[in-house]
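For the protein sequence lines, the chains are F and W, in the order given.
Just so we're aligned, residue 23 is where the first sequence starts under our numbering, counting upward by one.
Just so we're aligned, residue 8 is where the second sequence starts under our numbering, counting upward by one.
Check before you lean on any hint, since a few could be wrong.
According to the in silico footprint, chain F covers these stretches of chain W (three or more CB under 8 Å from chain F) [stated by the list, open to error]: (1) 157-164; (2) 181-187; (3) 261-270.
Distance ranges between label pairs, derived from CB positions [stated by the list, open to error]: (4) F:Trp401 x W:Leu133: 18 to 28 Å; (5) W:Ile221 x F:Pro361: 21 to 31 Å; (6) W:Thr136 x F:Glu219: 30 to 40 Å; (7) F:Asp509 x W:Pro41: 48 to 58 Å.
No lab work stands behind these hints, which were simulated from the structure alone.
Glycine residues also receive a C-beta, built at the ideal position from the N, C-alpha and C atoms.
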Amino acid sequence: MRVTKSIALASAGLLLATSLAAAQSTEIRIGVPLEPPALDPTAGAAEAIDVVVYQNVFEGLTRIDENGAVQPGLASSWTISDDGLTYRFSLNQGVTFHDGTSFEAEDVKFTFDRILAEDSVNAQKALYSSIADVSVIDPATVEFTLSQPDELFLFNIGRGDAVIVAPESADNNASMPIGTGPFAFLQWDRGSRVILEQYGPYWGEKPALTKASYVFIGDTGAMTNALLAGDIDGTYNFAAEALPIFESNPQFQVLVGTTEGETILSTNNAKPPFDQLEVRQAMAHAINRDEIVEGATYGFGVPIGSHFAPHHPYYLDLTGTYPFDPERARELLAEAGFPDGFSATLKLPPVAYARLSGQIIASEFAQVGIDLELINMEWAPWLEDVFANKDFDLTIISHVAPFDIGIYANPDYYFGYDNPQVQALNEELNATTDEARRKELAQELQTIIAQDAVNGFLFELAQTGVWNAKLEGMWKNAPVEGVVLRDIRWVE
Amino acid sequence: MSSRRILAHPGLVVGLTATAGFALLALVSLFWTPYPIGEVSIARRFALPSAEHWLGTDQLGRDMLSLVMSGTLTSFTVGSMAVVIGVGIGVPLGLAAAIYGGLVEWLVLRFSDLTFAFPAVVIAILIATLMGPGASNAIIAIGIFNVPVFAQVARGGTLTVSTLDFVGAARLAGLSRIGIAWRHLLPNIMSLIIVQGTIQLSLGILAEAGLSYIGLGTQPPETSLGLMLRDAQSLFLIHPSLSLVPGLAIVIIVIALNIAGDGLRDVLDPRLRSRRRADAAR
Chain F
23 MRVTKSIALA SAGLLLATSL AAAQSTEIRI GVPLEPPALD PTAGAAEAID VVVYQNVFEG
83 LTRIDENGAV QPGLASSWTI SDDGLTYRFS LNQGVTFHDG TSFEAEDVKF TFDRILAEDS
143 VNAQKALYSS IADVSVIDPA TVEFTLSQPD ELFLFNIGRG DAVIVAPESA DNNASMPIGT
203 GPFAFLQWDR GSRVILEQYG PYWGEKPALT KASYVFIGDT GAMTNALLAG DIDGTYNFAA
263 EALPIFESNP QFQVLVGTTE GETILSTNNA KPPFDQLEVR QAMAHAINRD EIVEGATYGF
323 GVPIGSHFAP HHPYYLDLTG TYPFDPERAR ELLAEAGFPD GFSATLKLPP VAYARLSGQI
383 IASEFAQVGI DLELINMEWA PWLEDVFANK DFDLTIISHV APFDIGIYAN PDYYFGYDNP
443 QVQALNEELN ATTDEARRKE LAQELQTIIA QDAVNGFLFE LAQTGVWNAK LEGMWKNAPV
503 EGVVLRDIRW VE
Chain W
8 MSSRRILAHP GLVVGLTATA GFALLALVSL FWTPYPIGEV SIARRFALPS AEHWLGTDQL
68 GRDMLSLVMS GTLTSFTVGS MAVVIGVGIG VPLGLAAAIY GGLVEWLVLR FSDLTFAFPA
128 VVIAILIATL MGPGASNAII AIGIFNVPVF AQVARGGTLT VSTLDFVGAA RLAGLSRIGI
188 AWRHLLPNIM SLIIVQGTIQ LSLGILAEAG LSYIGLGTQP PETSLGLMLR DAQSLFLIHP
248 SLSLVPGLAI VIIVIALNIA GDGLRDVLDP RLRSRRRADA AR
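Taking the hints into account, I'd like the entire structure generated from these sequences.
What follows is the structure in structure tokens.
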């Protein structure tokens, strides 16, 4: 009797174990450091929004793949006129939004009219400023007319900022997102998690996962514990200092990839003494890039000498423009009229790479006589003071937008760099379609801003994901902001 | 208090010596540390204890001993300033409650109840959130919690002493209530306040570490023991020594202060010793 009972118990346990494994095999729980303020990617700049919804809940006409290439999305194909000004998109048929309404050309027109409207709250409105007109040819065809050729147009309409929304639901997307993607929004437990569920009638290939939870864990130590305890199955970009714990653990895989984040010592070019070229050059010479990469990113960052991603085909290695040379830095400071150096403030947002880089740079600058006062700030005051009001001397921040060298052509941008030559070159670059000429122009731009030492160019952020070893299909690189669930699956 | 009585109490000797040792380290850091606090050297980070770096180095290659010295100074400063606030406001309140009674006493007691109803750290978080993080706000937050503690100690002590004959004699001699409080009551409750002071100092150091750990206390580039713990947290599994060094420093300081406080109580006020034995027996 006792034997039978234990066998029964054992098989019950076995059953339980199997059903747990089966349940786990189509669900995923992803740790996310920041909770999004809302869930509408077309109405907010926060990366945390795209992390949850991009290509999962919402889709655009085009789709950016893991390597940054443009793929068909809701548009199955497109033709471009010879002058590069007219794009005609054929839309996929039988696509429905998660509330059951159908997706048609009118929705595309609605989406872009909404982005370009006077009162638009789109965070990247400027990216779409070349669009002169969107017209509906028939329910399955839509035509865009541009005011000038725009090489990045197909890429930009694939970003989270230009995902297609429906007029019926757009106003509620912040709390109840309705898109066309493979996953539908299920619930949002504020302060805890967002849960997505596979959308049955999805038009494209069905993903392997049926359910995905994004669990908000702000603290690195807590995230480490959650991973080790199996409370979450992975996180897309984890603190580099904690990676050794997982690298040596066979239950985990560590994915090291690239991001579009140029991390810079942003300098207020409009404010003395930083308006003097010699001062900026002196600071460039005082920066020991290798030490910063090692200290702030544990060697995962890639040194940069200008504002350009090293994995981009137009990249030019300019890290040697102003090599680490404290002696030369002191000379330049003396030439600029600061033989004894000067004092400045360095405002740091609440991210590990900035806080660590800040302490290292303060120590390096002290050796050439520049005395930095470190001011640690939270995101909201940082955005207000530094980004909006330009009330800063120096700050450290990663610019994560892809191909964003154009910010140097905007004299009103927060670092206040006004160079007509750069502005002219950038305009020409935007209007040029010839690949070889574009590369030439982009490299010329990189060289000028490197020589002008506009900002202290530090490193390209790496993406270091930690995932359960039995998962596959996660994006290694981050060409755009987002954690795309489409290809993720459990393998035994 | 004779030196013989101190030496006869081994706990007090150990406690005072350890406390004085840390206090000395902290004070020395004002003038000298083995390495400058801000000196970063990535090449020598995570070094284990060695002849050059007695306690090793942290994630930025800074000397741990220098950081502990400077961090201890912050901890002691915050803890003792909070005690000063508590004594400065709490003792007069307690004295007033005891000698005036009535409404004054009721107000002081209800204020104490109100403050005690919230755990100290919750009050501290509230204050730090309202006024922004920083060492000075941590002092105020911890100091506010100290006020009712000292008020109650002062009131209790005063009530006991007031019943003694010499106080009655002073009153008969025509001394005013404030005069009695100053000349006769305060000196007689001083030992109680000193003992409570050491205990509140250790609690204050713990509270400062807690506040800094959750990011509401001391802000970098200044350092404190709690801040060091916070920085080391994400590295705990890889480089445990970064957490152990400041953690152990806090533990040793707090234990030393508590032993010293116990010893002081025994030595300064023998009557309390018997009361404590009675407490223990209960």
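Evaluation of the provided hints:
1. 157-164: Answer violated; 0 residues pass the 8 Å Cβ test.
2. 181-187: violated (count 0)
3. 261-270: violated (count 0)
4. F:Trp401 x W:Leu133: 18 to 28 Å: 22 Å, holds
5. W:Ile221 x F:Pro361: 21 to 31 Å: 44 Å, violated
6. W:Thr136 x F:Glu219: 30 to 40 Å: 37 Å, holds
7. F:Asp509 x W:Pro41: 48 to 58 Å: 54 Å, holds
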